[in-house]
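J.: Got chain D sorted already, so can you dock chains F and B with the ligands onto it with the hints?
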Amino acid sequence: MLPAPFEYHAPKTMEEALGLLDELGEDAKVLAGGQSLIPLLKLRFASPAHLVDINKIEDLDFLEERDGTLRIGPLFRHKSAERSSLLASRYHVMADAAPQIADPIIRNRGTIAGSVVHADPSGDWGTVLLALDAELVLRSKSGSRTVKARDFFSGPFSTSIQATEILSEIRIPAARPQTGGAYLKLERKVGDFATVAVAVHLQMDDGKVGSAGIGLTAVGPQNIKAERAEAALRGARLDDATIKQAAALAAEAAEPRADHRGSIEYKRNVVRVFTERGLKRAYERARGGG
Amino acid sequence: MAVETPLKGNIGDSIKRKEDDRFIRGKGNYLDDVVLPGMLHMSIHRSPFAHAKIKSINTEAAQAVPGVVAVVTGALLAQHKLAWMPTLSGDTQAVLATDKVRFQGQEVACVIATDPYVARDAAALIEVDYEVLPAVVTPQNALKPGAPLIRDEKEGQTNNHIYHWEAGDKAKTDEAFAKADRVVKLDTFYPRCHPSPLETCGIVADINPATGHATLYMTSQAPHAHRTLFAIVAGLPEQNIRIISPDIGGGFGNKVPIYPGYVVATAASLLIGKPVKWVEDRSENLISTGFARDFHMSGEMALSNDGRMLGLRVKLLSDNGAFFADAQPTKFKAGLFHIVTGSYDVAAAHVEADGAYTNKAPGGVAYRCSFRVTEASYLIERLVENAALEMKMDPADIRLKNFIKPEQFPYMSATGFEYDSGDYPRAMQLALDKLGYRELRKEQAEKRKKGELMGIGVASFTEVVGAGPGKHYDIAGLRMFDSAELRVHPTGKAILKLGVKSQGQGHETTFAQIVTEELGIPAADIEVQEGDTDNTPYGLGTYASRSTPVGGAATAMVSRKLRDKAKKIAAHLLEASEADIEFDHGKFFVRGSPSKSKTIQDVAFAAYTDLPDGLEAGLEGVTYYDPPNMTFPFGTYLVVVDIDRGTGQVKVRRMVAVDDCGVRINPMIVEGQIHGGLTEGFGIAFMELITFDEEGNCLGSNFTDYLLPTSWETPKFEMGETVTPSPHHPIGAKGVGESATVGSPAAFVNAVIDAVGHLGIKNIDMPVTSDKVWEALNKVGAAE
Amino acid sequence: MGQSITVTVNGEKKSAEVEPRLLLVHFLREKLRLTGTHIGCDTTHCGACTVLVDGTPVKSCTMLAVQADGQEVTTVEALAAGGTLHPIQAAFKQEHGLQCGFCTPGMMLTSVALLQEKPDPTEDEIRWALSGNICRCTGYMNIVKAVKSAAAQMKTSAAVPEAATAATRS
Ligand SMILES: Cc1cc2nc3c(=O)[nH]c(=O)nc-3n(C[C@H](O)[C@H](O)[C@H](O)COP(=O)(O)OP(=O)(O)OC[C@H]3O[C@@H](n4cnc5c(N)ncnc54)[C@H](O)[C@@H]3O)c2cc1C
Ligand code: FES
Ligand code: FES
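Residue numbers (my numbering), protein chains in the order written: chain D, 1 to 290; chain F, 1 to 784; chain B, 1 to 170.
With the rest of the complex left out, here is chain D (with noise of 0.2 Å):
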């Protein structure tokens, strides 16, 4: 399995990085970790004239919480996160997620932006944005823009992202006391994608719901958010049938489809007992617990 040829350009800057896209326009794919892109290179589903390579570019590599948002660059990797002590004390369910991305050396390139540009509805990243409600902002030379996180995709391995444009920076509002979040993935083994995953991230205010975000990984054209489910949660308490009520909606939620991995009935189930698991493990952390 070898690639077929194309143009290598490995830019030092942004501008450089943004001059280049602008130019070579839909003759051109961004290259981050790779982790994706190189794959479909390699069994020639893919084939660009053109690679802009961004590794080179100094600075993509961060994530700090400043002015009350999490902002995380277009570089910083799974491993990263898999690691980081901020995201495994305030953002339970980035932190969950990280580890059960892909394998350890995968996850030593793969980028968290590169993830959820790539859009497969069955990676994680973009469902775990989905119940943060994240913004992305992207760049091109003529400007940037922000997009919510729910706005961004539009099927399968599609978004509203353009050829000429970088997901600069992934905005996330800043986690306040009393959160807490879970991520739970069903995998056939380690290096597999989802076969459901449900993403759930809870503010609690005063023994109740503040605010909750839910989203669904592998069991639709793109990464669902289960807003029903988190309009129920919204000012209730988290009792059994509340908890129930929201597991019930995220299942209805789900448009998955019937295949290898398993029937519509069946991961419409996961998605409601892993919702209901994660409601319960998100509240307990929100608690300060678990």
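Keep in mind the hints are simulated off the structure, nothing from the lab. Any given hint could be a false lead.
Unchecked claim - Selected chain D positions facing chain F (in silico; Cβ < 7 Å):
#: 1; residue: Phe45
#: 2; residue: Gly73
#: 3; residue: Lys189
#: 4; residue: Val190
Idealized CB from N, CA, C, for every residue including glycine.
T.: Here is chains F and B with the ligands on its own, set in the frame of chain D:
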């Protein structure tokens, strides 16, 4: 690091492996590491369809790519009578398709180029005009009247049926069933899986146009047999063919057959006059080379009310793919499946087998087992589990009740195998004790009250390995003996040359140890060579756990031959009569006066310098060993699982494995073999699967879908051993390379059934995936 | 069209003219003839091709050679620098952590990086860290043992061979 162990390497010594030094330095020499001057690279264009007529092939665009040297099609091969080749089971297989393609991934045309990337670019430009035909993807459908005929090119072939075969005594079995109190039935499917060694298959074919000599570097588990087959297929004089099987990155049966790529690369080298390399991609490996199993089994067991097994009746339907290319002895169409009575004293058994062509890849191989033994072991162990379930007996107790007793050996099975030795209750008891079986049963009962699902799986397998005897077993007509040539040099160092071929089993160490035991030469002083047909005596190769039973026996026998000669020389040196010379661990001495002695090294030197009159010089010999019988390793495996009712996920909590493979030459290596086999068994039980959609598209064509267990999911194994030597093997050893793959899948599945059987779930076919478990639970209203 | 790159491989600067599409694994195996790095799959699953890039394990079948320009690559061939086995190599042999040897270079390099990060890993940490490297032969039991034993060895031996440390510096 720890000081190297001072052990000399006698039998029973866990000396460190001699072969490791090169591997840990990255200095192994695997097929893809072979580079010859002027070497070209081959890439194969494969069929996207499972069944289609080839209307035309256009190679112009491919030919035009700079760097392309040749494009080989079936038509070109046909001119040299090479478009078809014989298979290991006496059928024929297309080398490159000419008339139609019969499975997805079939070889259609090959590009030979100066660079592998260019070969790949050009292969993508080959245009084939296909007329798609309806595909047949199950043997049941293949045998229906009016099913599309797959092998229409075969004279006299009017349907997709390949063979019908029977073993055992039908009348006696019918009688046993007539008398039975209960009959337990199980229909199960052992799905298609693949050995997928970490290194794929490949060849570097180098035919010297001036001399006609062919040097073929091949990932071959059986280089000598392959040489003969190449001579027959390609019509090359056998003395001009040299097969070199370099270091092999795992085989597990995958590297037993000859694949079309080997033949085309060889033909291309012949036509072009340059070396040609072909190394498969992983997807090529999975879609086109030797799969395993794909076996539909219906078993019935007749029992008395108190749980005695009276008879066994089995019907089999085998899915052989488009060409019948199973790697098995010609006499036995369903391999050694008739070992199906397993570890039990069953008076009557009858097996019927049918094989069918389908539009799937050919080349059934024994993925880490003797052919079809895994299927047999799986069926009987699953049947016993279900018998226990239906009769409300403990799965361990029903086995203990029916085991062949130690005093019954040698035991003649109802299907005609003479079991050499065994002590089944002892192995089982050890396993039960190690696990704390009875305690865990209590825990299980407690958990069940709370609605939690926990299961304990039991499997007590008996394997049959080490083919021959040559009068019964063959590969493509070649009798299954094996060979060893031993040369002791004047300084007392030795070279041992074998007809078998290691793929990681540690032959360079184990076989040296046999010589150490027999002659007293330290293992460190013995070089073991394999895999080069010019340089080693003829043998049938390494598969079916036959290296130790057959090649190991040959090594012991050739060592003894040299020892006999050495005795004569020692007598001369010690000025005593030969009858008075005794030998013990490398020393020859005169009976009664052990201080008067000569070492094997002294004697070796004398063999070249100081000989008695009339004795030939040298201390060298060769032995071809045809075993009097197979060997029958056995053991008990126990597995504990917990099941998540919400997702159906099965978590293996513990696994205990007690193996008896007779005498252990190097216990460290034996344990390593078992670890590996258990892991492959785990993979087969829970995740490894090659399946097809209705159109015959292969689902499982790379590691994204063909799932192999990693260090994370693989259970931690708790090991135990008993030793019941083989009475007919010179050193009492049985084979061990495969026991664990044969025995463990049933243990895993039985554990799952043990957890859910009380809910009315009697079977879940492999791979036992979480969705299947959940669906089964859901059906009986027990899912979360 | 070629592109010129300079990669520090096992401590030596190597310059070459390569096609951009050339995978790092082929650069190492074909151009530099460092054949200890193996290829076992097409889909970035097996880890047989694992090398260290600036000290971090990377699947060299999923990185372009041009991307390694200006970086340091360590392959299995560098582990026994000066002829002295790295503790991980000695431990793999001692504990029978290899059979066919095909996964071994990748396994050892991943282990070296693990021990660099966690000098005293638990069994679960080892199994987790190695879960991107597939072995078909050993069932992982003895690989885990080998990593543990290397960890113990590296802790006690004050004098880890100099070159071996250099090889694993991140
Ligand atoms: C065997 C295997 C298993 C995997 N398992 C999982 C899994 O379980 N879960 C999971 O979520 N992922 C999984 N992945 C994918 C992995 O997470 C990738 O790292 C990720 O999908 C892509 O990130 P990358 O940085 O490698 O992107 P690349 O491969 O470099 O790029 C991916 C795509 O995004 C574009 N792109 C990248 N960065 C940017 C940017 N900043 N701006 C604009 N466009 C950009 C590229 O042009 C390309 O189209 C797996 C991959 C493999 C090979
Ligand atoms: S070759 Fe398999 S991961 Fe690189
Ligand atoms: S030792 Fe053979 S793959 Fe690991």
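J.: Next step is simple, just say for each hint if it's right about the structure.
T.: Okay, the hints, checked on the actual structure:
The interface hint given for D/Phe45 is broken, as the beta carbon of that residue sits about 12 Å from the closest beta carbon of chain F, more than 7 Å. With its C-beta approaching chain F no nearer than about 29 Å, D/Gly73 sits outside the 7 Å limit, and its interface hint is violated. For D/Lys189, the shortest C-beta to C-beta distance to chain F is roughly 5 Å, which falls under 7 Å, so the interface hint holds. Here the hint on D/Val190 is kept, as its CB sits about 5 Å from the closest CB of chain F, short of 7 Å.
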